[in-house]
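Using the sequences and the accompanying hints, generate a full structural model.
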Amino acid sequence: MTVMNPYGHLEDLKSPNKIGTRDLSVYSLVQSSRLDHTPPLPKVFHGHFKLNHGPPSTSAGHPEEIKNLFPNLFGQPSVQLVPCDGPSYNEDRKLRVGVVLSGGQAPGGHNVIAGMFDYLQVHAPGSVLYGFKGGPAGIMRNKWVEITETLVYPFRNQGGFDIICSGRDKIETPEQFKQAEETVTALDLDGLVVIGGDDSNTNAALLAEYFRSRKLKTRVLGCPKTIDGDLKSKQVPISFGFDTACKLYSEMIGNIMVDARSTGKYYHFVRLMGRAASHITLECAFQTHPNVAIIGEEVHAQKLTLRQVTNSIADVVCKRAHLGKHFGVVLIPEGLIDFIPEIENLIAELNDLLATQGCDPQGHWKSKLKPACRALFNSLPHNIQEELLLERDPHGNVQVARIETEKMLISMVEAELFARQHEETFKGHFKGQAHFFGYEGRCGLPTNFDATYCYALGFAASALLHCGQTGLIASVSNLTAPASEWVVGGTALTELMDVERRRGKNKPVIKKAMVELDGAPFKKFASLRDAWAVEDSYISPGPIQFSGPTADDTCYTLKLEVGSL
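Note that the sequence shown covers residues 1 to 565 in the UniProt record's numbering.
Simulated from the structure, these hints should not be mistaken for laboratory data. Being a predicted model, the structure only gives us computed values, none of them experimental. Incorrect hints may appear among the rest.
[Claimed, not checked] Derived pair list, reagent style SDA-like, types lysine to any residue, alpha-carbon separation capped at 25 Å:
| id | residue 1 | residue 2 |
| --- | --- | --- |
| 1 | LYS507 | GLU391 |
| 2 | LYS407 | HIS422 |
| 3 | LYS234 | LEU565 |
| 4 | LYS43 | ASN90 |
| 5 | LYS234 | LEU41 |
| 6 | LYS507 | VAL26 |
| 7 | LYS505 | GLU344 |
| 8 | LYS559 | LEU41 |
| 9 | LYS43 | SER484 |
| 10 | LYS43 | SER127 |
| 11 | LYS143 | GLN121 |
| 12 | LYS67 | LYS319 |
| 13 | LYS325 | LYS234 |
| 14 | LYS431 | ARG442 |
| 15 | LYS427 | MET412 |
| 16 | LYS319 | ALA533 |
| 17 | LYS234 | THR425 |
| 18 | LYS234 | GLU391 |
| 19 | LYS427 | LYS507 |
| 20 | LYS178 | LYS431 |
| 21 | LYS303 | LEU417 |
| 22 | LYS234 | ALA483 |
[Claimed, not checked] Ranges of calculated distance between the beta carbons of each label pair, as one might list FRET restraints:
| id | residue 1 | residue 2 | range |
| --- | --- | --- | --- |
| 23 | ASP23 | ASP552 | 29 to 35 Å |
| 24 | ASP552 | SER213 | 43 to 49 Å |
| 25 | THR150 | ASN90 | 26 to 32 Å |
| 26 | ASP85 | ASP188 | 29 to 35 Å |
All C-beta atoms, glycine included, are put in the ideal place defined by N, C-alpha and C.
See the structure below:
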């Protein structure tokens, strides 16, 4: 199959080196069986619908600053799609819509695009859907491919983002906004959908504001994607990919638990993705019942030091040794090091220092640190020091995925237990095994929940564009009910925003949703963890199921948050 790009060059989609290629001959039986699975839709899409507008919105924080930054979008209401007797929009209108995948992968992204495509085929026949290749850079460089049934079919209900691939570029500078304007104008786009996390959806809001200020016809919407689970609100109860990723990680944790109990001599320290929030660690704890699960938000709230975190793990090891158990499983959030207040202060100083002055090889820069931060930095293992000084990510943050916190904790627990042996408060042995589960969870075959949720989000995004909306993030709620009863709408992106310091400057960002210590999920966890610490309550959930009694189960966190568990 070939398509013509705007410059008249042929793009051969059959080439293995081109974006959007899948060889069905090498699909497993499970992959093949998922191709023709059609996810159920909310009943609002079974007939005509209209928009119900909510009250004027505000922001998650600093409303005056957000209003100044988004004068054309601030205050607009969120909307809900509701059934009606007749069409509330021009059903004969043909739309030209673009879609882009932004940021890291999350299971279900292909179904968002499939849902957008299918909506346009059914509700706006003759419409065209363009996929921008390689993330936001594809918008700036006007690189796209037309999404057709032939192209989208091999990706239905499949993992990954390779139908058009993703990227971490952001449209930030005046020149880049101008490039985006030129692209959407050249394609005569009615709408653009940005599928991404909090930063990508912040970028979507900035684009929507810019396009409106320029009086362009192109509307911009967002779609909530991140396995970390930190992009959510009352109206957006979960980001897609979280359900699948947690079940994939939990299967591996369950396997490790069986191994730990079988050998009886290892403590497995498992670091899990989630740089800014501990949602994955909390959910995996519910699914597997580890002996220790550290929740970063609790560490931060209690202002625990690294030594106190270490001692809490050592305490559990001692209790289990007293029972004759010299094995266990410890779950650690990827961003733990960011949650420890003393290290948080150190990182904040390092970020500002690196952004403004850099670090000279001779180490003279250390004198610029405050005495307490300098002492802490010098006390850390040399490899951790080096990892804290690594090049920052595009947002100016420490790349916590590259900091091997699990190995640091194993070393520190060893030292603490050695001291307790000399004090005769610990009689036993301790051997640590380190694991990091990261990329393994990002591109698996989406669960039934994520496949259905993403398909509905795709329908929602196209429907909102069909109704002329902009500056919203597609939202689907009532997710613990059958899919037919899900509630579909759009939430004002500015309603999710606050101001945050990035690279030494204040920037508008969608506020990350953290684990709430007074929320139902954490309270439930807190009521169970003491028993899990000493008992072998391990659960091995096994692989993801697509049929059977548990196939449509949603995650524990979501069910606890909405009160259905």
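Next on the checklist: Checking each numbered hint in turn, tell me which of them this model violates, lowest number first.
Outcome noted: 6, 12, 13, 14, 17, 18, 19 and 20
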